[in-house]
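Chains as they are written, first to last, in the working numbering: chain A, 1 to 494; chain F, 495 to 1000; chain W, 1001 to 1478.
What the hints contain is simulated information worked out from the structure, not anything from laboratory work.
Just so you know, even glycine gets a beta-carbon here, dropped at the ideal spot from N, CA and C.
Incorrect hints may have been included.
[Stated by the list, open to error] Partial chain F-side listing against chain A, Cβ under 7 Å, derived:
#1 V560
#2 E561
#3 P564
#4 Y566
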Amino acid sequence: MQFPILSVIVFTPLVTALLILLMKPERKTEVRVAALAAASFALLLSIWVFISYDKTAAGYQFLEQYSWLPALGISYHVGVDGMSAPLVLLTGIVMFTGVLISWGIDDRPREFFAFLFLLAGGVFGVFVSLDLFMLFFFYEIAVFPMYLLIVIWGWVKTREYAAMKLTIYLFLGSVMALVGALAMYWINYQNTGVLTFDMLQLEKAGFSSQFQAIWFMPVFMGFAILGGIFPFHNWSPDGHVAAPTAVSMFHAGVLMKLGAFAALRVGVMLLPEGAKQWAWLIFILAMINVVYGAFIAMIQTDLKYVIGFSSVSHMGLVMLGIATLTPEGLTGAGLQMFSHGIMTALFFASVGMIYDRAHTRMIPELGGMVKALPFVAIAFTIGGLVGMGMPGFSGFVAEFPIFMGVWKTQWLAAVIASISIIVTAAYILIAVRKVFFGEMPEKFEGHITPITALDKVALFTLVLLMTGLGAFPNLMAPMISLGVQNVLRLLGGA
Amino acid sequence: MDFISTHLLTSILFFPVLAALAILFFPKEQLRLIRWTALIASLVPFVLSLMLWGRFDASAAGFQSVEQYPWYDAIHSSFHVGVDGLSLTMVMLTTLLTPLAILASFGVTDRVKAYMILFLLLETGMLGVFMAVDLLIFFVFWEVGLVPMYFLINQWGSANRNYASLKFMIYTMGGSLGLLLAIQMLGVTFQTYDLVALYERWNAFNPATFLGMPIETVKTIAFWAFVIAFAIKVPVWPFHTWLPDAHTEAPTAGSMLLAGVLLKLGAYGFLRLVLPLYPAQAAQYAGWLAFLAVMAIIFGALGAYGQNDFKRLVAYSSVNHMGFVLLGVAAAAKVAGTADATIALNGAVFQMFNHGLSAAGMFFLVGVIYERAHTRDLDKLGGLFPIVPVYGGILLFTSMASLGLPGMSGFVSEFLVVRGAWASMPVFAALAMLGLLMTGAYILKAIKKVLHGPLNEHWAQGEHKLTDISAREVMVIAPLMALTLILGIWPAWLLDVVNKAMSMLF
Amino acid sequence: MNLNLFAILPEMLLALLAVLILILDPLFKSDSRRVNLGWLAAGGLTLVLLISFLVGKPAENALALGGMVRFDWFAFAFKMFFIFAAAITALLMMDAEALANRAEAYVLLLAATIGMNLMAASADLVMLYLAIETTSIPLYVLAGFLTNDDKSTEAGFKYLLFGAMTSAILLYGFSLLFGFTGTTNLAAMAASLATPTLFSLGALLLVLVGFGFKTSIVPFHFWAPDVYEGAPTPIAGFLSTASKAAGFAVLLRFFLTVFPQTGSQWQYTLAVISILTMTIGNLVALAQKNIKRMLAYSSIAHAGYALIGVVAASTLGTASAIFYMLAYILTNLAAFAIVTVAGRVIGSDDLRAYDGLSRRSPYLALAMLVAFLSLAGMPPFGGFVAKLLVFAAGVEKGWFGLVIAGIINSIIGVYYYLTTLKYVYLYRMEGENEEAHPIPVSRPYAIALTVLVAGVILLGTFFAPWYDLTVKAAASLF
C-alpha cells in the first residue's frame, strides 16, 4: 500500500490540535514548539505532494478511499489534481508562516494553536476531498474555529460584531450549497439507483439542464460567499480587520480560496450546464468585485481595511477567471488563488508586525517605518507590487491569463476591469509610501522594536515564493493547466 | 567561457541581478565595497555587449544570438531573447550608460546599498525590453523597469519627489494599460506571443469582422493603444507632463538613465512593435504622428526656454530631441519601403543613441553643479566660467552636442531625420527645422546664465566657493564626450549596423 | 401467545436494580450513602445496558406479551438510549446533595426509565398510555424533588398540571380511536383508518396533544422552560433528552404504524408544527439570559429539526430522526452536565455568570465548546451529521420549504450558541482573577463529561455503525 500522504497531511493538524489541548496550559513554549513542528511537517509533506504529483499522468492522484457510511454512499475519498495540489501547498505555507508569526501570542496560546490547527485541518480536508459529504464536513470544520479565533484574540473594537457576521454569512452560504448538494445526491439516486456522494461519480451523473439551471446558483453562490463575491463580500473586510494576524493570514490567504475552490469543484464541475447558463451573472458580479473593491480600498485609511478590500478585488479576479470558463481564465484563477494567498498572508503578517509595535493601523498616523522595520518594508513593498500585478511577480502571471480569458469571453469587460489595475497601483503605492517612508512620527521614535528572526523567516519565505513564481510561472502553471483540463472536459471542451 | 558565448544575451541580462543579490548580503556600512562592486558588476555587461557587438553579423537578417527557454507554457509564452541591429545599438547604449551612472552616484551617501541594488535591477529591466523577442516578455520588462525607477525617484529624489514619482508611475502604468490589453488580444487570437510569428500572422490576419467590429477598426484601436503607451514613455506632446516633474525630482544618476535609456524604450517600442505590426495604420496616421512630433519639438523647445530651473530646462530639451525620433518614425511610416524611409529611420535610431549620450551628459553636468551649489536656479548661478573652468569647458562641449552643432553626433542624426522627412512631409520638416533653431536659443540661454554674465559673488569665495569638477566626474563625462565626437566625425561604424537593420526590418 | 420475556429484559433488569437499591439503601452509612448510591445506580445501569445489549437483541421483529409490546430493533435502540441517559443522569445526580442522599431519587429515575422503555416498545393503546404515565409520574416527583426550593416545587407542580391535562386529552383521543376502529392494537387500527374521516382526524389531533407535551413541540411547549429552570439540573437534562426522545419514539411508531401511507394529512400538520417549533424555539432562545432557559428553548427547537425526519416518513427519515435523537441525547446531556458542574460552583444560571469560564476551567470550557457546537450543527460533532441526515431526508422527499426553514433556523441557532461561547471564552470575570476561582470537576462529572464528549465526537466522525443501527431500527417500522 502506498503511503497515505494526503490523509497524513489532513490529520497532522487535527491530531496536533488534540495533543496540544492535552498539554498543560502553562507550558507555553512547549505548545509553540509542538505547533511549529507539526506545521513544518505538514509543510514538508505538502511540498512533497506538489513535487511528486505526476504531471504526465494528470488527473487525481494520491487517491485514498475508505468507506465511511456505505449505506448512504459516503466515503472518505481524497486525492488531488492540478487545481488542488497548489492549494494544499499554499495551506502548508500559510500554516507554517502563521505559526511563526504567532509566536508572541501570550493569552492562552494552547487554545489559540489548537483552534488554528483545527482550522488548518479543515482547510486541508476541503482541498483534498473528492466526496461531497466529506467536503462539507471539513468545510464547516474550517469555518467555525474562525469565530473563536477572532472573538478571543481579535481586535477589541470590532471582534464580536465581525466574528458573528462572518460566521453567519459563511454558515448561510454553506447550508445553501448543502441543499443543492443534497438535491444532486437524490437526483443522481433517482437516475442511476446509486447512492453516492462521490464527486467523481456525480460528475458523470448527467443532470438535466433544467436541474442544473435551478441548482447552480445556490451551490456556486453558497460557496462563493466565502470567496467574497459581491454582494456578499461585506463580511470579509470586517473579518480581516478584526482577526488576529495569523488568522487574517489564514482567512484571506486560504479560507477565501476555499470558497472559490469549492465553488469551482462543486458548482462548475458538477453542474457544468448550469455554469454555462449562469456564467454571465457570475461574470458581472465578479467584475463588480474587481472594480468596486479596488475603489473602496482606495478610500480606506485603516491599513487592514485597505488590504481587506483589496482582497475583495483580487478574489473578484479569481471568480472572473472561473466565470470565463476558458482554459486561460481558469488557469489564471488557479494561479491567482495561490498568488493572492501568499500575498495577503504577507500583507497581514506585515501589518500585524507594525500594529504590534505602533498600536495603530491608521495610515495617516504611520510613517517612516522603513527605518525601524526595513525588512517589513521591503517585504510589504514586494507584496504591493504583486498586488498591483506588476510583471515579474506572481500577481502578473496570475492576472494576465485571467484577462486573456476575459478577452475571449467579452473583450469590453477586459477594458473595464483593467481600470482596477491603475486604481490598485495608486492605493498600494500611496499606502506603501505613507506607512514605510516619509517622516516617522515622533511618538514612535525608539518605540519600534525590530522584528524577530522567526518573523523574518516567515516574511522571507513568502517573498521568495512570490518572486519565484513570478519569474518562473512554469513551476506551477502547467500543473494548474492539467487541473483546468479536467474542468474543461466536464464543460464539454468549451 | 563556452557557457557565456552560448548564453551571451542572458548573461548580459541577468548579471546585474546576480550582482544585486550579492550586494544584498553585504553589510550596509561598507560603502566603498558596495560602490565598487556595483560599478564592476555593471562593467561586466558592457564588456559582454562589446563581445556581442564583435560577433554580430550586420548583414544577416533576423534576430541573432537567440536564446529561447520555456517560460509560461500555459499561455504559450516563452523566454525568447535575441538582438538585431536596432536592439544591439540600444543594448550598447544601456550597458554603456549604466556604469557611468553608477560612477556618477558615488557621491550618494544615503542608503547606498539599496540605491545600488535598484540601479542594477533597473539595468536588467531596460536590457530586457531591448532583447525581448516575445511580446509578453517585452511587457514584463517594460513594467519591471518602472519599479526601481519609482523607488529611485521616491527615495533619493528632491523635495517634491512623492508627487513626481507617483505621477511617473501612474502615467506609465496607465499608458501601458492599452498596451496590455492589446497584447492580450493578440495572445488570445493567435495563441502565441512570439514576435516573429506575430509580425506575420497579425498582418496576414484579415477576417471581415473581429470582436464584432470591422477588422480595420480593431486594428486602428490596437494601433492607438500601442502608440499611446509608447508616446507616454517617449514622451510625446501632449503626454509629456510627467517628464519634467520626474526629472526634476530624480537623483542625478536616475535622470541620466531616465533620459538616456528609459525614454528610448518608448521610441524603441515604435520601431520594434508599432511599425512592423501596424504598417497600414501607421501610414494612415503618419500625419498625426508627425504633427505630434513637431509639436513636441516646438513646445519642448519653448518649454525649455521658459525654465529657470536648469534641470527642468534639460528635461524639456529631452522632449524636444525625442520629437525628432518620432518625426523620423512618422516619415518612415508614411513612405514605408522607400529610401527616404530608411534614411528617416536611420536618423531616428541614431538620434536615440545620440540623445542617450548628450542627455545623460547634460543631466550629469546639472547634477555636478547642483551638488556644489545646492541650487539649480539659473538666476542664482552666473559667470561661473572663471571659477570652474574645466567644468565650463565640458558643459560647453556637451551643450553644443545637444544643440546639434555640425561635427557632433547630434547634427548627423537630426539632419538624417529631416532629410528623410523632407520629401514626404515638407511642412513638418520645415517646422522641425524651426524647432532646431529654438533649440539653439534655449541651450545658449542656459550657457549664458550659468557660465557667462555677471559673476554671482556668492560662489566665488567663502564656504560657498565652488570647486571644479573632480577627476571621478570627468571619468563619467569623458566617454560620453569622446563618443559624441567620434560619432559626429565618423558615424559610419554605427550607422552601418543601423542602416542594414532598418533596411531589412522595413 | 408469545411470552418471550427477552422483549422486556431491560425493564426487568431495571426493576431488579431498583429493588436492589432500596434494599441496600439502609445499609449505607449516612456519610457515604450519597457516593455509594450513586455509584450503585450508575454502575447498575451500565451493567443493565451491557447485558441488554449482549443478550437482549431482537432476533426478528415480532409482537410479544399478547401484542402489548413489539420486540423490534426500533424499541431496542431507544431502550439503549434511555438506559444510557439514565446512567449518565445518575452520575450527574451524585453531587447534588438534596437528590442523591435519597435512594428514592434513583428509584424514581429507574421507574421513569422503565416507563420510557415501554413507551418505545408498546404496540397497543392501553400499554402506550400506561407507559406514558409510568414515565410521567416519577418525573413529576423528580422535578419537584427539592421541596425546600420554591422554584423546584413550582416546576414539579407545573409539570404535573400540564402533564395531567394533556394526558387526559390523550386518553380522550385514544378512546375515540378505539371507538372508531374497535381495536387497541396499533397495526390493526391502520386498516380501519385507511380512509381518514373528519372524526379520525380530530382524534388524531387529540392524540397529538399528548405526544406534543412529551416532545415539547409548539404549541405544547410552555411548560418546558419553567420546569427546566426550576427542576434540579440533572433532572432537567434527563427531561429534555430521554423524555423527549421517548416522545419521539411514540410519535414515530404511532404515526408510521397507524398511517403508513405517505402524503397524508398528518405529514402536513407535523410539517407546520415543525416549522413553528424550530422558529419559536430559536427566536425565543435568542433573547434568553438564563442558560437553563436558553437550553430549554433550544431543546424545543431541536424537536422541530427532528420532526423533519418524522415528516419525511421514509426509512431514511425515520432513521435520521432516530439518529438525531441519539446525537441530541448525547449533546444536550453534555450541555446540562456542564451547567450542573458550573452551576454548583458559580451558584447562578445567568449567562453572564459564565464569563471567564475558559480561564477558570479550560477543560470544562472545551467540553462546552464541543456540546454547543454540536448543538449548532458543526462537524466533526454528532449534531452536524444528525442535521445533515434530517435535511437529506427532507430533500429526498421534496420537502424543500421545510428544509429551508430548518436551515434558516440553524443559522439563528448558531448565533446564540456562539454568543454563549463568547461569554465562556472572551469575557473576563469581574476582577479578572479567574485563577483564584477554579471550578473543580469531581470524578463522576469527569467520567460523565468524558463519555459524552467522546460520544459526540464519535458520532460525528465514525457515524457508520450508529447510522446502521438507526436504519435497522427504522426498517422495523416499515
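| Evaluation of the interface hint that places F/P564 against chain A, nearest CB under 7 Å | 6 Å, holds
| said: Would the hint on F/V560 be counted as holding, given a Cβ-Cβ threshold of 7 Å to chain A? | reply: For F/V560, the interface hint is violated, since the closest Cβ of chain A sits about 19 Å away, which is over 7 Å.
| request: Using Cβ atoms only, decide whether F/E561 comes closer than 7 Å to chain A, and label the hint accordingly. | output: 16 Å, violated
| field | Hint validity - F/Y566 Cβ closer than 7 Å to any chain A Cβ | value | Given a least distance of 4 Å, the restraint on F/Y566 holds.
Of the hints listed earlier, those the structure fails to meet are numbers 1, 2, in rising order.
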